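Asks: One-letter residues, chain by chain:
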Amino acid sequence: MLVDSPPEQRAETAPAPPSKRRVLRAAGLPVSVAVLVLIVLASIAVGAKDLSLAEVWHGLFHDSGTYGDVVVGERLSRTVLGLLAGAALGLAGAVLQALTRNPLADPGLLGINAGASAAVVTGITFFGVTSLTGYVWFAFAGAAGVGALVWFLGGSRGATPVRLVLAGTAISAALFGYLQAVMIMDDAALGRMRFWTVGSLASATTGTIREVLPFFVVGTVLALALARPLNAMEMGDDTAKALGANLNRTRALSMLAATVLCGAATAACGPIVFVGLMIPHIVRSFTGPDMRWILPYAAILSPVLLLGADVLGRIVARPSELQVGIVTAVLGGPVFIFLVRRRRTAQL
Amino acid sequence: MKTAKNGTAKNGETAKNGKTAKYVKSNRAVRTPGGLSLRLDVRAVVVVVLLLLLALAASVLLIGTGDFDIPAVDVLKTLVGQGNAGQEFIVNELRLPRVLVGLLVGGALGVGGALFQAISRNPLGSPDVLGLGQGATAGALIMIVLFSGSSAQVTVGALVGGLVTGLAIYLLAWKRGVHGYRLVLVGIGVSAIVTAVNGYLMTRADIVDASRAVVWMTGSLNGRDWDQVWPLLALCAVLVPLVLTNGRALRMMEMGDDVSYALGVRVERVRALLMVAAVLLTAAATAAAGPVSFVALTAPQLARRLTRSPGPNLVPSLCMGAALLVGADFVSQRVFGAEQLPVGVVTGVLGGVYLLWLLVTERKAGRI
Amino acid sequence: MNRLTAENVTLAYDQRVIAEKLSVEIPDNSFTVIVGPNACGKSTLLRALSRMLKPSRGRVLLDGSVIQSMPAKQVARTLGLLPQSSIAPDGITVGDLVGRGRYPHQGILRQWSTEDERVVQESMAQTGISELADRYVDELSGGQRQRVWIAMALAQQTPLLLLDEPTTYLDIQHQIDVLDLCAELHEEQGRTLVAVLHDLNHAARYATHLIALRDGEIIAEGAPKDIVTADLVERVFGLRCQVIDDPETGTPLVVPAARKGRTKQENEQVTKQAKAVATGAS
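Protein chains in written order, with this note's numbering: chain A, 1 to 348; chain B, 1 to 368; chain C, 1 to 282.
One chain only, chain A, in its complex shape (with noise of 0.2 Å):
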């Protein structure tokens, strides 16, 4: 119902044979680590001051306290925290685009973002909450608040992925207008709302860290659980029924699995958007719809954008930097205008 297959696409246009798509989709998976751990080392090397690979080393695993060591220190928090969140989205995207079968889903879409949104800058006005590690409970409260009601209301146990888009769409609808009704009024929410929604990593700390790290642990772990249900999902409800798939407890924890990702990513960092649907968008036009591929790449690849994105945004704007929300979708944004205008048509 939201997507059609368009008349040109058929089965004239096979991408790649699959035996090579096989081989391609094996090989590309260490390859993909290898770049996230470069990317990983840039992320630490990279900023103000940039540090030799040999003060990375020292500060790594030999802290004695020196300057570059504590640089090493506060950016090893950040890495952490990008590497997270990066995964998280790539497989909150992952999951949702599977459950509303449309490869448009993202976090957004569901009104995640806006729960956040809303929370924070409720926190902020409302509570008076000024440091970033206190908008990390809001957020996260407000995000899986959100989540459950757009559960609730896409009609939970008989949910549709339409119904569960457009209750998505209404409540972010609703929630943005107070977060701007709120921001008109209130100045010093303002202030923080603007630079909060634009998405940064640099306000990480070890303590963020430890607060979130059990909510990406568990939706990772129910996300890649979540492969092979959702597999069977994608072929349309009734396939998926005759396949003997479980499609309300399927739907049901797809929802928890993207809440608890998307919550958390987005109470430490702010709302990131885009990552979560371009990555998974690109993984499936070389892995093919196989979610246990899909997710294990949209959980590689994520971090990898999202690291990459913030170490450009340190190199640019030096001294200062530029935030990464900003720099991903500069940098995304084109890419992924690049593979869909390549590619015939995007599939699902």
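A portion of the hints provided could be inaccurate.
[What the hints assert, rightly or not] Below, a list of computed lysine-lysine pairs in the BS3-like style, where the Cα atoms sit at most 27 Å apart: (1) K54/C <-> K175/B; (2) K73/C <-> K54/C; (3) K73/C <-> K175/B; (4) K54/C <-> K21/C.
Don't read these hints as lab results, they were simulated from the structure.
All figures in this text were calculated on a predicted structure; none of them were measured in a lab.
Fit chains B and C to the given chain A structure using the hints.
Replies: Same frame as chain A, now just chains B and C:
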């Protein structure tokens, strides 16, 4: 449940019209001896009339609302030229243009949204999602933040921003024809980039400019006068009839490119024409009132659910958009006081809550 | 000269060439059926004949003019198409959908004439869906839905009608119903029909003119009686068979050779082809 409901409707008509009209459930054909025939969907007509009445009632009440309250009767009198001088000034110079801008912007956004959703065959393919709103915002933000521009300059900036974004999306999505799906995806990509630029501009602005920008970004009708009305009215007067004459072709296109082409619709030409019209309407509306949130996205969905008929529902979407915006403006002024909250806040809340309510009731009624 | 012809057309999707220098004439007042193995280009040919696909070289002529250069609605009043994939809009009723077939006959001031209404009634009666008129299309079974689409193509009232696999999704009774309907349209109303069919026996029974395609080339064309032989079936489909007379109609009837009757190599060949088809389709 659907069948039960239609069953009763059908029986009623069969009794009246005999066999011939049996299958066209709620469609009535109006024919003249000269061979002219028009097709009307009764339910859609009722919906349109009700929405128009609602929009007009809200307009009259809105004109009566403000520092000086004017009773509805006096408003009507003044509008037909029977009021006293003081009322005439307030109504004709201050409040009428604002209401007209509201009606026009709402209508333009409603039609623009319906067009985009029909072309992309996706309820999410609205100008908000495609990045037109963001593009206009970028234009406006550049004027506000970098040049501290006047409101006229901001309007021009928004118009240029919206048009450039629309053109960019169309060109980037063009590849021997614009495929609806590619259009949405490219639009999302463009939208993400422009949103990021907007976010950057916001973080670079000083707080005064930033609050001005937020008000603009929310969408507001405050201080709109005849200067905004005329260009918008002229544009709508040209584009809306153009769009409506192509409405039947657009309805055929719902059935896929092959079928509509086989039926004699020049698919690519109609699509290009309607895209241009939709971009112009949206950009002009956004330039006049800011990217009033969610009207373009919710109005067509609401209209469709009320008329319960397939098809782009262009006229109902237009009326729904106008009613939604003026109604929201009325609510915002009544509830929060004259200049407190810009209308975009209320359209978001109102449209969102209404859509939710429809979702819940439809679920009870067993539709969807 | 026949009304619908293709002259030396090269048909391609992007870079993939499906057929080269193909020339086809659709005899007027014939029931022409195009047959061939999967991916032989038969649907592509039909798309070219119905102007869905523009030939990269050569031209398709309708009544002597290049089909792409003619006004879209004029073509749509002459030539109808039932494509393989079509989307029923959400929440549309059968009557409304069939009514949409009248589009090429309508204008802004002539949206729904009594003629339109009569034709829609007639088309629904012919396809046996009159009772479904008020039902929602998305509630129907696959077979019913297919008949609705056929009714829509009929409502277009074109002297030429092109059908891309009209019997897919139908059970055997409805397949025959649809083909009987086609035969009736052809015999009683004198329409020219072109259909792509999977079932060779159906093709042989109903077609007045048969075109056998393989790898984008015409292997044979003519009346089924004249061209359907065991040799042709083997050349086109790679299948050994007997051709006997259909006891009902006397038309050729293809009876595939039994598995045991085939040589080992032939059986391997068949398995290999089946596999190729299966992976190609995935």
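Asks: Compare the structure with each hint and give your call.
Replies: Verification of the hints:
no., hint, result
1, K54/C <-> K175/B, "15 Å, holds"
2, K73/C <-> K54/C, "17 Å, holds"
3, K73/C <-> K175/B, "25 Å, holds"
4, K54/C <-> K21/C, "14 Å, holds"
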